[in-house]
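**Q** Residue-level listing of the chains:
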Amino acid sequence: MDTCEYKAIPQSSYEDFIKDKYWSKNRPMNIHFELTQKCNLRCIHCLFNHESKDELSTQEIFTILTQLARLGVLNLTLSGGEIFTRKDIGEILDFLRIQRFIVSIYTNGTLLNASFIEKVAALKTFDIQISVYGATSDVHDAITGIPGSFQKTIKSIRKLSDARVPVLFKGFLLEKNFQQRRQMIKLANELGVLYAFDFNMIPMENGDIKNLSAGLTNVQLEKIYQEVAEEGLILRNNVKIKSGESQLPKGGGVICNPGRINGCIGSNGDVFPCPILRLTIGNIREKPFEEIWETDKIDPIRYMKPSDLKECSDCSIISFCNRCPGVAYLETGNYLGPAPFSVCSKYKSLVNARMIDPS
Amino acid sequence: MDNENKPVRRSDLVWREIDGEVVIISPDNKAIHTLNDAGSRIWTLINGDSDVNTITAILCREFDEKEEDIKKDIYEYLNNLKQLNLLEE
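Protein sequence lines, in the order shown, are assigned to chains A and B.
For what it's worth, my numbering labels the leading residue of the first sequence as 1, then goes sequentially.
For what it's worth, my numbering labels the leading residue of the second sequence as 1, then goes sequentially.
Worth flagging that the hints you see were computed from the coordinates, not collected in a lab.
Nothing here was measured: the structure is a model prediction, and the numbers come from that model.
Any given hint might turn out to be false.
Cut-off 20 Å, straight-line C-alpha distance, at most; resulting in silico cross-link-like pairs (SDA-like, lysine to any residue) [what the hints assert, rightly or not]:
| no. | chain 1 | residue 1 | chain 2 | residue 2 |
| --- | --- | --- | --- | --- |
| 1 | B | K30 | A | G72 |
| 2 | A | K19 | B | E21 |
| 3 | B | K71 | B | V52 |
| 4 | B | K30 | A | Q180 |
Bound conformation, chain A alone:
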């Protein structure tokens, strides 16, 4: 018998570890699990229509989680809709204390009662990410469509913090709350939680782009870039930003190769390469996840390379565009093409305003 050995992987070698154990074998490592599409809020920018048909049962969810653990999945994001609308969410959280993952929870925080907070704390989640759309009730509630939602959300953030649950204040910037961006940062600081702001809009799941009009205007987006560049406006403090590194989208035509180590399971059991690229590769009710994942149907996505982006590669702003194959697919049905409304128009506007330099 060899001597028993224990080895800690230094952070600098994480990439090699992931490459060796997961990436090179297309082994799923990070799964985004949408437990429901139901939601108690009606946010103006949401990509779902809040109907949840053929939702997975409690037992089906337990079976899937067991399959995922056996396959080696480490990171599990529980998402919705709003997961706390599920009547069995307490049972699911209890199950995850036995079948363990590194868990992140996405929620609007409005339905978190004392029992749920206790269960989340006991689960020792990596974090719980709570969506916030303003620094005051009037602005936040106008976006969620539900009066009183702001107070409930903020109350939950305080209670979770008191229970020592790591909370991420997930701010989303839209046309209607743009003026409150600094107040929102101040609020997150007052609450004593980490924060991260996003402003990238995603068309609706059915391809409808009507929700995009709720996003930042081009002028507002230019202002954000200007403030980050000139004033050092910090849009996220949940990760260390190295000196000289931009906190804005990386750009570079982004080749993310979904479906290799990242995947998504929808509320009806459909499996997708990622939460945004809603290209169904199978359903968990018909085949175990492992068999679905083995498909070569999504190899063009898994092994996508810059030269595959025929139309985009000729574009003058490809080097700093933050294209997303999922957004392109939702808009046009072609994940290798551009996303004219969500992405192209925004980045072209930034170039025209000289907020980013195409040279």
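We have chain A already, so just place chain B on it with the hints.
**A** Just chain B now, kept in the frame of chain A:
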């Protein structure tokens, strides 16, 4: 730790067997640890049901080594895991 002690893994750790090797991840900081073949086998046995004598007997059947050498190795390994806070108190 004596022969009748039943070591048990920390219940909040996330661990997986990948290609025959155990990978352990701490939920708070996502720190990753890996175990080699022999270490992985012991890890799967320290479930709170087996004492050191039982684990030694199992490994003696699986590996062609002297019992005393195996037991010594197990003790060193368990102490190492304990110091790294990977076992329940």
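**Q** Work down the list of hints and note, for each, if the structure agrees.
**A** Comparing the hints with the structure gives:
1. B/K30 - A/G72: holds, 15 Å
2. A/K19 - B/E21: Roughly 16 Å separates the two Cα atoms, so the pair holds.
3. B/K71 - B/V52: holds, 8 Å
4. B/K30 - A/Q180: violated, 33 Å
Of the numbered hints listed earlier, the single one contradicted by the structure is hint 4.
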